[in-house]
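Asker: So you can see what is in the structure, the chains are spelled out below.
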Amino acid sequence: MTWQIILGIWMSGVVIASFVYMPATQGLGEMGRIIVYHVPAAWIAVLAYLMAMVNSIHYLRKREIRYDRQAQINAELGTVFCILATFTGAIWSRGAWGAYWNWDPRQTSIAVLLMIYAAYFVLRSAISDSDMRARLSAVYAVLAFLTVPFLVFIVPRVYYSLHPDLELVNLVERSFEMDRQMLVVFLASVAGVSGLYLWLYNIQKRLENLFYKKALRRRF
Amino acid sequence: MATSSFPWLSRSLAVLRKDLRIEFRTRYAYSALLMFAITTLVTVSFSVGGFMSGPEMTDIAAALLWIILFFSAMAGLSRTFVQEEESGTVIALKMAAEPEPVYIGKYLFNVVLLFSLTVLVVPLFVVMLNLSVVLVGGFLATVFLGAMGLAGASTILAAIVAKAGAKGSLMTVLSFPILLPLMLGAISATRTALGGGPPGAINADLLMLFFYNGVALAASLLLFEYVWNE
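Protein chains in written order, with our numbering: chain A, 1 to 220; chain B, 1 to 230.
Think of the hints as simulated: they come from the structure by calculation, not from any bench. Be careful, since some hints might not be right.
Label-pair restraints from in silico Cβ distances [unchecked claim]:
hint: 1; chain 1: A; residue 1: Asn202; chain 2: B; residue 2: Tyr28; range: 49 to 55 Å
hint: 2; chain 1: A; residue 1: Gln181; chain 2: B; residue 2: Asn229; range: 52 to 58 Å
hint: 3; chain 1: B; residue 1: Ala92; chain 2: A; residue 2: Leu210; range: 40 to 46 Å
hint: 4; chain 1: A; residue 1: Gly195; chain 2: B; residue 2: Ala14; range: 52 to 58 Å
hint: 5; chain 1: A; residue 1: Leu210; chain 2: B; residue 2: Glu85; range: 34 to 40 Å
Sample of chain B residues facing chain A (criterion: CB under 8 Å; computed from the structure) [claimed, not checked]:
hint: 6; residue: Leu13
hint: 7; residue: Leu16
hint: 8; residue: Ala164
hint: 9; residue: Leu174
hint: 10; residue: Ile178
hint: 11; residue: Gly214
hint: 12; residue: Leu217
hint: 13; residue: Ala219
hint: 14; residue: Leu221
hint: 15; residue: Tyr226
hint: 16; residue: Trp228
Each residue gets a CB set at the ideal place from its N, CA and C atoms; glycine is no exception.
Chain A on its own, in the form it takes in the complex:
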């Protein structure tokens, strides 16, 4: 319980610091504050999708059903954080580019990412046999994750995107006092959101394990 309280205080601190302590960014102005929420959400989304793929590979190797549950939980959490990143991105886009949605390559890629995992859940719901569902959805998760590099890294490079990726790199390179304040808040936010992800994952895992045990007991 202490960890949850620490996490709650930590995240509250990050939220307050992002408006009070952190200065407005040089290139992006006041809108730059969203970096504290948007980038960690996107980072956790990619991390959770990566974990979904890793667990899917584990399942295909070892055929233990718990890996399938872990892959499912990670795909769900990844989708939640991906939706958060999409929404914060759209809000920022409204301020910086003038419209909530304008099919910038970065927005296209995140929309497709959401569609991929929506299709993953459709596939899961279409198969009733649990072993078959685990196997086929694991294959689909691996296939789907292989298209992620195309969407996240290649598409925005090949097609000109206005997304400010370099803003973060600049932040690390220029070490002005102002940027250092921003970097501290940003890294604190990354740590906090990562903690939030681990907590959610843990709860979901315990819950799914209980459901599984209950289903087993009913069968025998």
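Model the placement of chain B on the given structure of chain A, informed by the hints.
Answerer: Positioned in the frame of chain A, the structure of chain B alone reads:
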């Protein structure tokens, strides 16, 4: 055949020959593909053919071409594995060859199927919409790589759908997001080839299509075993 120095190749070709023979006898998959493509093509030409002028014309034409090809492919490509499940020949095929030759054979069959569709539909599309192809080589390369990529990624998905009980719309739902990077690249390349934008821009798109093909094929080859074996 076991004495061949490339056992996979000869077995894959055997699977391809078997599928081509079945297809030649029934002509079910090809008819489904072709009728779907012709129907959508006629609808497109009838409804927007008269408005295809101006600078945005190439953008619209490129998107329409790949929408037609994508949905026709979805109508026919899942057939290869569904037919094996329906006729109960899956077990015989599993005993006859390893998963990889089966995959390669089915993939080659889908490539042949899509190529024989595109040689008919793409010229018809160009004629019916009064398009002028500026970069002929680039256009052919785009259609070639695009059709290969459609077949490459959807073959393993067809196997998944067949195992999942061949539920009607599942094939389209599963393949759309996976094929979207390919579609985006192909649409962009087609637009350039039809004269929209600088000709040099087509190279990056073709490179992306090429790598997509490679990734799709390698991943499917590695993963197919898990779909195929119970």
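Asker: Does each hint fit the structure? Answer for all of them.
Answerer: Hint by hint, here is what the structure shows:
As the Cβ distance of asparagine 202 (chain A) to tyrosine 28 (chain B) is approximately 51 Å, the hint placing it in 49 to 55 Å holds. A beta carbon spacing of about 57 Å between glutamine 181 (chain A) and asparagine 229 (chain B) agrees with the range 52 to 58 Å that was offered as a hint. Checked against the hint of 40 to 46 Å, the C-beta distance between alanine 92 (chain B) and leucine 210 (chain A) comes to roughly 43 Å, which is consistent with it. A beta carbon spacing of about 56 Å between glycine 195 (chain A) and alanine 14 (chain B) agrees with the range 52 to 58 Å that was offered as a hint.
Between leucine 210 (chain A) and glutamate 85 (chain B) the CB atoms are about 36 Å apart, so this pair conforms to the stated range of 34 to 40 Å. Because the beta carbon of leucine 13 (chain B) sits about 25 Å from the nearest beta carbon in chain A, more than 8 Å, this interface hint is broken. A least Cβ separation of about 23 Å between leucine 16 (chain B) and chain A goes past the 8 Å threshold, and the interface hint is therefore violated. Because the beta carbon of alanine 164 (chain B) sits about 5 Å from the nearest beta carbon in chain A, less than 8 Å, this interface hint is met.
Taken as an interface hint, leucine 174 (chain B) checks out: its beta carbon lies about 5 Å from the nearest beta carbon of chain A, inside 8 Å. Contact between isoleucine 178 (chain B) and chain A, as hinted, is supported at the beta carbon level, the nearest pair being about 6 Å apart and thus within 8 Å. Among the interface hints, the one on glycine 214 (chain B) is violated; its C-beta lies about 11 Å from the nearest C-beta in chain A, farther than the 8 Å criterion. The closest approach between the C-beta of leucine 217 (chain B) and any C-beta of chain A is roughly 11 Å, which is over the 8 Å cut-off, so the hint fails.
Hint status for alanine 219 (chain B): holds, given a least beta-carbon distance of 5 Å to chain A, under 8 Å. Hint status for leucine 221 (chain B): violated, given a least beta-carbon distance of 12 Å to chain A, over 8 Å. Look at tyrosine 226 (chain B): its Cβ gets to within about 5 Å of chain A, closer than 8 Å, so that hint holds up. Against a cut-off of 8 Å between C-beta atoms, the interface hint on tryptophan 228 (chain B) is violated, since the closest Cβ of chain A lies about 10 Å away.
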